[in-house]
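Chemist: Given the coordinates of chain A, assemble chains B and C onto it according to the supplied hints.
Spelled out, the chains give:
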Amino acid sequence: MKREITLNINDRDETLVVDDAETLLEVLRDRLKLWSVRESCGVGACGSCTVLLDGRPVSACLLLAVRSTGRDITTLEGLGDGQLLHPIQEAFVSERALQCAYCTPGFVLSVKALLDEIPNPSDDEIREYLSGNLCRCAGYADILRAVHLAREKISRAPVKPE
Amino acid sequence: MTIRSFELLQPRSLPEAVEMLREHGDDARPLGGGTTLVILMKQRAVHYPFLVDLQTIPGLNGIGQESDGLRIGALASHRMVELSPVVRRLLPVVAEAFGHIGNVRVRETASVGGNLAHADYRLDPPPPLLVLGADIGAVGPNGSRRISLKNFFRGMYETALEPSEILVDVKIPAPPADSKAVYLRYSTLSANDWPCLGVAALLTKENGRCKELRLALGGVAPTPLLIDGLEFTRDQSLDDGVVDKVLQKVEEQISPSSDLRGSEWYKRRMARLFVQKAIAQLNGDQG
Amino acid sequence: MHLGLTLFEEMVFEDGQLVNGSLLDYQVATIKDMPRSFRSVVVEVPHADGPFGAKGAGETGALTVAPAVANAIEDAVGVRIRDLPITPEKVLRALAEKDGATLPRDSSL
Numbered sequence: 001m002k003r004e005i006t007l008n009i010n011d012r013d014e015t016l017v018v019d020d021a022e023t024l025l026e027v028l029r030d031r032l033k034l035w036s037v038r039e040s041c042g043v044g045a046c047g048s049c050t051v052l053l054d055g056r057p058v059s060a061c062l063l064l065a066v067r068s069t070g071r072d073i074t075t076l077e078g079l080g081d082g083q084l085l086h087p088i089q090e091a092f093v094s095e096r097a098l099q100c101a102y103c104t105p106g107f108v109l110s111v112k113a114l115l116d117e118i119p120n121p122s123d124d125e126i127r128e129y130l131s132g133n134l135c136r137c138a139g140y141a142d143i144l145r146a147v148h149l150a151r152e153k154i155s156r157a158p159v160k161p162e
Numbered sequence: 001m002t003i004r005s006f007e008l009l010q011p012r013s014l015p016e017a018v019e020m021l022r023e024h025g026d027d028a029r030p031l032g033g034g035t036t037l038v039i040l041m042k043q044r045a046v047h048y049p050f051l052v053d054l055q056t057i058p059g060l061n062g063i064g065q066e067s068d069g070l071r072i073g074a075l076a077s078h079r080m081v082e083l084s085p086v087v088r089r090l091l092p093v094v095a096e097a098f099g100h101i102g103n104v105r106v107r108e109t110a111s112v113g114g115n116l117a118h119a120d121y122r123l124d125p126p127p128p129l130l131v132l133g134a135d136i137g138a139v140g141p142n143g144s145r146r147i148s149l150k151n152f153f154r155g156m157y158e159t160a161l162e163p164s165e166i167l168v169d170v171k172i173p174a175p176p177a178d179s180k181a182v183y184l185r186y187s188t189l190s191a192n193d194w195p196c197l198g199v200a201a202l203l204t205k206e207n208g209r210c211k212e213l214r215l216a217l218g219g220v221a222p223t224p225l226l227i228d229g230l231e232f233t234r235d236q237s238l239d240d241g242v243v244d245k246v247l248q249k250v251e252e253q254i255s256p257s258s259d260l261r262g263s264e265w266y267k268r269r270m271a272r273l274f275v276q277k278a279i280a281q282l283n284g285d286q287g
Numbered sequence: 001m002h003l004g005l006t007l008f009e010e011m012v013f014e015d016g017q018l019v020n021g022s023l024l025d026y027q028v029a030t031i032k033d034m035p036r037s038f039r040s041v042v043v044e045v046p047h048a049d050g051p052f053g054a055k056g057a058g059e060t061g062a063l064t065v066a067p068a069v070a071n072a073i074e075d076a077v078g079v080r081i082r083d084l085p086i087t088p089e090k091v092l093r094a095l096a097e098k099d100g101a102t103l104p105r106d107s108s109l
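Residue numbers (the numbering used here), protein chains in the order written: chain A, 1 to 162; chain B, 1 to 287; chain C, 1 to 109.
Honestly, I wouldn't trust all of these hints.
To be verified - The calculated BS3-like cross-link candidates involving lysine-lysine, where the alpha carbons are at most 25 Å apart (straight line), are:
no., chain 1, residue 1, chain 2, residue 2
1, A, 33, B, 42
2, C, 32, B, 277
3, C, 90, B, 277
4, B, 277, A, 2
Unchecked claim - A short list of chain A residues far from chain B (calculated; beta carbon distances all over 12 Å):
no., residue
5, 6
6, 19
7, 20
8, 23
9, 32
10, 47
11, 54
12, 56
13, 63
14, 77
15, 80
16, 85
17, 96
18, 128
19, 131
20, 141
No wet-lab data here; the hints were simulated from the structure.
For each residue, glycine too, the CB sits at the ideal point set by N, CA and C.
Isolated chain A (complex conformation):
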């Protein structure tokens, strides 16, 4: 069935007609052209389609778009301000925590949720939280370093560009 819904995405309301069977991933990527939201495994295992729903990480490929109304949806496009990178993105760049970069938006959003929930995570907590984001270019060691750098950047600059 088709219906008109309003989704709050990156602090903007988007009203569109969707089918009940459309996933949030399909709406964000195919309809709204938010290219940072990427499909890979399609079964919630890889983290490429990670978005934040009321600040919590979820797989957009497993959600029906019509059930995401009334929630705050954040994609990578909602971090930073279009000019400046978010401190987590800066940290990924300076630690070179990416190679092909397909997994990067998902990792950055997972790290955002992690640091919002646990501002000073241990290595074990980082590993646990990020274990559902897969990187195929063997970048885990660099990503781990990037998380620590991001944590330092955020704690040094309490007012962060959002």
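Modeler: Same frame as chain A, but now just chains B and C:
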């Protein structure tokens, strides 16, 4: 669009949801967190013209302490259970088991009721819930009833729920005084994989001897399995001879099948090993 | 770093049908599987025919992970596993067979 078109019905109350399920019969299914059902629909392994959204019914996701134990609403997410201060304080083994599922995103989305109603033989929560003597609440066209978890799992992906019946909560009684529980899970592949097997044990001791031992295993039978016939351990000290008899009971009752996560031979070896480990851990703990 | 291929990754076929065709069943290494510390040592051997001794970059260097793990297992428990992935079951079987046990074979392995 990957999923075949369907209509999402959004009831405001349980009776309304039950009526929707009754009206559409086999054409409808309840939708909890949706993690499993959405995957199956995307793979086109299943199709239902109607899905009944349980998230629009208020009050199904509460977690609270009651006079006789703990009640977890069916729509509580795995993550809510994992992080719930009251669950962690009263039944840490339950919080831990829900924290093992998939990854943090799946746990944010998947619901407790969906997990149990899916009746996957290898999921982590059922073994600890079985040793703790949990039961589930169901509401259907003929009213509401409670089903002990032991009688809930009927076969691979089969439960005791009747058509149009909705799982609404799980209740876990307060564990016996002087008891301790443990859940050990073992993965043979990556850290986030389903377990090859999981073993939950609950031991109550009195004067240094076993008062009651309960064991439940996941991944080694078509359903999560509560081991029968352990009454002989009462008033025994859990020495090697007694543990051997316990292992014999386990061996008789499990029926693992070979798959990607191990052969039958291997799973039988690991079941023995992890039951031994679990008992040793509980027995040693209380010295 | 090749750890996934060493420990987990295998396409399993039954009657011509791939049975682990999604990331739920085909397991790759996660950040939790990464060793707590690892050190890479680059041994420079110039290629005879490459310009300035150059050879293909990238995954060539990763090929050493599987032998390193296999060597470590042999050093620790005295059995050598010669096919990937090196699963716990393969190690246990090799140990049991070394002790003279005859084990049931399984088609899915």
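Chemist: So, for every hint listed, does it hold in this structure?
Modeler: Here is how each hint holds up against the structure:
Simply put, residue 33/A and residue 42/B have alpha-carbon atoms about 21 Å apart, close enough for the 25 Å limit, and the pair holds. Our distance criterion of 25 Å between C-alpha atoms is met by residue 32/C and residue 277/B, whose separation comes to about 23 Å. Restraint check for residue 90/C and residue 277/B: the C-alpha separation of about 22 Å stays at or below 25 Å, so the hint holds. Distance hint between residue 277/B and residue 2/A is unfulfilled; the C-alpha atoms sit about 54 Å from each other, more than 25 Å.
Distance check on residue 6/A: its Cβ is at least 16 Å (rounded) from any Cβ of chain B, clearing the 12 Å threshold; non-interface status holds. Distance check for residue 19/A against chain B: the nearest CB is about 6 Å away, which does not clear 12 Å, and the non-interface claim fails. With a minimum CB-CB distance of about 4 Å to chain B, residue 20/A fails to clear the 12 Å threshold, and the non-interface call is violated. With 12 Å as the threshold on Cβ separation, the claim that residue 23/A sits away from chain B is violated: the shortest Cβ distance comes to roughly 7 Å.
For residue 32/A, the condition that its CB be more than 12 Å from all CB atoms of chain B holds, with the nearest at approximately 15 Å. In this structure residue 47/A is not separated from chain B by more than 12 Å, as the shortest Cβ-Cβ distance comes to only about 7 Å. With a minimum CB-CB distance of about 10 Å to chain B, residue 54/A fails to clear the 12 Å threshold, and the non-interface call is violated. Not every CB of chain B is more than 12 Å from the CB of residue 56/A (nearest about 5 Å), against its label as outside the interface.
For residue 63/A, the requirement that its beta carbon stay farther than 12 Å from each beta carbon of chain B is not met, with the minimum near 7 Å. Interface exclusion of residue 77/A from chain B stands, the closest Cβ pair being 19 Å apart, more than 12 Å. At the 12 Å boundary, the C-beta of residue 80/A stays outside the reach of chain B, the nearest C-beta of that chain being 22 Å off. The beta carbon of residue 85/A sits about 24 Å from the closest Cβ of chain B, which is more than 12 Å, so the claim that it is off the interface holds.
The non-interface label for residue 96/A is consistent with chain B: the shortest C-beta to C-beta separation is roughly 24 Å, beyond 12 Å. Taking the minimum C-beta to C-beta distance to chain B, about 8 Å, the non-interface status of residue 128/A is violated against the 12 Å cut. Listed as a non-interface residue, residue 131/A fails to keep its Cβ farther than 12 Å from every Cβ of chain B; the least gap is roughly 5 Å. Taking the minimum C-beta to C-beta distance to chain B, about 16 Å, the non-interface status of residue 141/A holds against the 12 Å cut.
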